[in-house]
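Trainee: Note that the protein sequences, when read in sequence, are chains B and R.
This note's numbering numbers the first residue of the first sequence as 37 and each following residue consecutively.
This note's numbering numbers the first residue of the second sequence as 37 and each following residue consecutively.
One should not assume that every hint holds.
[Claimed, not checked] Every beta carbon over 12 Å from chain R, so not counted as near; a handful from chain B, in silico:
#1 R57
#2 G107
#3 V145
#4 S245
[As the list claims (entries may be wrong)] Stretch by stretch, here's where chain R covers chain B in the computed footprint (C-beta under 8 Å, at least three residues):
#5 118 to 129
#6 156 to 168
#7 200 to 206
#8 213 to 224
Bear in mind the hints are in silico, worked out from the structure with no lab data behind them.
A virtual CB, placed ideally from N, CA and C, is assigned to each residue, including glycine.
2 protein chains.
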Amino acid sequence: MKLYIVGIGPGGEAGMTIAARAALEKSDIIVGYTVYAELVRRIFPNKEFITTPMRGERKRIMLAFNAAAGGKTVSLVCSGDAGVYGMASPALSLAQKYPGAEVEIIPGVTAALSGAALLGAPLTNDFAVISLSDLLTPRNVIEQRLRGAARGGFAIALYNPASSKRKTHLARACEILLEYRDKTTVCGIVKNIGRDGETARILTLEQLSSADADMFTTVFIGSGETKIINGRMVTPRGYKNV
Amino acid sequence: MKLYIVGIGPGGEAGMTIAARAALEKSDIIVGYTVYAELVRRIFPNKEFITTPMRGERKRIMLAFNAAAGGKTVSLVCSGDAGVYGMASPALSLAQKYPGAEVEIIPGVTAALSGAALLGAPLTNDFAVISLSDLLTPRNVIEQRLRGAARGGFAIALYNPASSKRKTHLARACEILLEYRDKTTVCGIVKNIGRDGETARILTLEQLSSADADMFTTVFIGSGETKIINGRMVTPRGYKNV
Numbered sequence: 037m038k039l040y041i042v043g044i045g046p047g048g049e050a051g052m053t054i055a056a057r058a059a060l061e062k063s064d065i066i067v068g069y070t071v072y073a074e075l076v077r078r079i080f081p082n083k084e085f086i087t088t089p090m091r092g093e094r095k096r097i098m099l100a101f102n103a104a105a106g107g108k109t110v111s112l113v114c115s116g117d118a119g120v121y122g123m124a125s126p127a128l129s130l131a132q133k134y135p136g137a138e139v140e141i142i143p144g145v146t147a148a149l150s151g152a153a154l155l156g157a158p159l160t161n162d163f164a165v166i167s168l169s170d171l172l173t174p175r176n177v178i179e180q181r182l183r184g185a186a187r188g189g190f191a192i193a194l195y196n197p198a199s200s201k202r203k204t205h206l207a208r209a210c211e212i213l214l215e216y217r218d219k220t221t222v223c224g225i226v227k228n229i230g231r232d233g234e235t236a237r238i239l240t241l242e243q244l245s246s247a248d249a250d251m252f253t254t255v256f257i258g259s260g261e262t263k264i265i266n267g268r269m270v271t272p273r274g275y276k277n278v
Numbered sequence: 037m038k039l040y041i042v043g044i045g046p047g048g049e050a051g052m053t054i055a056a057r058a059a060l061e062k063s064d065i066i067v068g069y070t071v072y073a074e075l076v077r078r079i080f081p082n083k084e085f086i087t088t089p090m091r092g093e094r095k096r097i098m099l100a101f102n103a104a105a106g107g108k109t110v111s112l113v114c115s116g117d118a119g120v121y122g123m124a125s126p127a128l129s130l131a132q133k134y135p136g137a138e139v140e141i142i143p144g145v146t147a148a149l150s151g152a153a154l155l156g157a158p159l160t161n162d163f164a165v166i167s168l169s170d171l172l173t174p175r176n177v178i179e180q181r182l183r184g185a186a187r188g189g190f191a192i193a194l195y196n197p198a199s200s201k202r203k204t205h206l207a208r209a210c211e212i213l214l215e216y217r218d219k220t221t222v223c224g225i226v227k228n229i230g231r232d233g234e235t236a237r238i239l240t241l242e243q244l245s246s247a248d249a250d251m252f253t254t255v256f257i258g259s260g261e262t263k264i265i266n267g268r269m270v271t272p273r274g275y276k277n278v
């Protein structure tokens, strides 16, 4: 029994790795959150799919292991990477209940990288990735991360800046970052990377705090060195001249 | 004139995105650092290659733009991602000298993601990526980043932990991190990801400080929550139960 945990990248076939496509091709059954499973169904319309709604992660993983236990080759798909806010961790934890299962993690291009490429090169040098979702992480821990990243001088990628129920998280994050960084700090906001309705916009940290964001948005905060060059957001490779 | 800046992933064809392979296929000329260009030559043996040694970044970019200015489609290849410690930033900076050049960035799977997949799921939650190379960044900035990431409670991926000339950087980084994290903190070390001689090992932060590392090594420092589950390095998705 074989279970692949597959990071499919931003969503289209082009952003997927060749290993990810091969794992999906080999699979009898593809399991995923409805939205991402539908993106995969466009590429493999004749596969068998099992889809579950958002927050059904534990159930989704059990369904995938149970399908694999029946002798099938199964892929559990994640948008972006399999590890970064993905299913690899909960799947490896639950794997203890399925001792015969062989689990292979197939990494993918996470939104920090695919969004950065649309904006230019904001994450050239050291960077931090922080989710603003407080579903699984208390707000004080998120604030500690924002402060640690700001003090460390990192360029920052923010995931889950807002959802239908959480509209103020991005403004609060900007408020914290403005304690450490200038209001003119170069920032970027990308939506629907690699999908219909893809947009990328460069703006200041001050403008970012009132920017419109949703659960398909990724936000980039420049370090103090980040510049706009020919309309692109570019962080230099270091502090010394190349 | 078209210049692709292509992140090729860890090195083999399987780790490359379908968009990266398509850009290389469309290219008349492929430009890169000798080691990475040779990895690409195995996949496209009949392409024209221009290779330059390490630290020849500026020259490499000029050669790529000059080839594109002659009407060719050119790919400038980077290992991992095009942005993360890659050529996208210096290429976008130099693009100002070639106003007719159309530059497209193709993101790829950086070593933080491909190495994490080999170890398990160390970067599930918020994480920071830090290079220990002091060629372009002063040591005090690197130490500030290490302290910021440690205080913020991030899982950490370290790039360039050592080279033939820099053997003590990893030990010094561990010394700093041990001020904030327990010596039993779960860590991982991967070498030659996706290439001949690939290895992955889980060890403690104390053991890591004397571990053998080179320029093809990526190091992972767990957050306080990171565990070993069935021999894999796993950071939970959050602080609350899923």
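Trainee: State whether the coverage of the stretch 118 to 129 of chain B by chain R holds or is violated, taking the criterion as 3 or more residues with Cβ-Cβ distances under 8 Å.
Mentor: Satisfied; 10 residues make the cut.
Trainee: Establish whether the coverage given for the stretch 213 to 224 of chain B by chain R is satisfied; the threshold is a Cβ-Cβ distance below 8 Å, and no fewer than three residues must meet it.
Mentor: violated (count 0)
Trainee: Say whether it holds or is violated: R57(B) keeps its Cβ farther than 12 Å from all Cβ of chain R.
Mentor: Incorrect as stated: the minimum Cβ-Cβ distance to chain R is 7 Å, not above 12 Å.
Trainee: So is the stretch 156 to 168 of chain B in contact with chain R by the C-beta rule, three or more residues under 8 Å, or is the coverage claim wrong?
Mentor: holds (count 12)
Trainee: State whether the coverage of the stretch 200 to 206 of chain B by chain R holds or is violated, taking the criterion as 3 or more residues with Cβ-Cβ distances under 8 Å.
Mentor: The restraint on the stretch 200 to 206 of chain B is violated, since only 0 of its residues have a Cβ under 8 Å from chain R and three are required.
Trainee: Would the non-interface assignment of V145(B) survive a Cβ cutoff of 12 Å against chain R?
Mentor: 5 Å, violated
Trainee: Could you let me know if the closest chain R CB is still more than 12 Å away from the CB of S245(B)?
Mentor: 20 Å, holds
Trainee: Should the label of G107(B) as a non-interface residue stand, given a Cβ cut-off of 12 Å to chain R?
Mentor: 21 Å, holds
Of the hints listed earlier, those the structure fails to meet are numbers 1, 3, 7, 8, in rising order.
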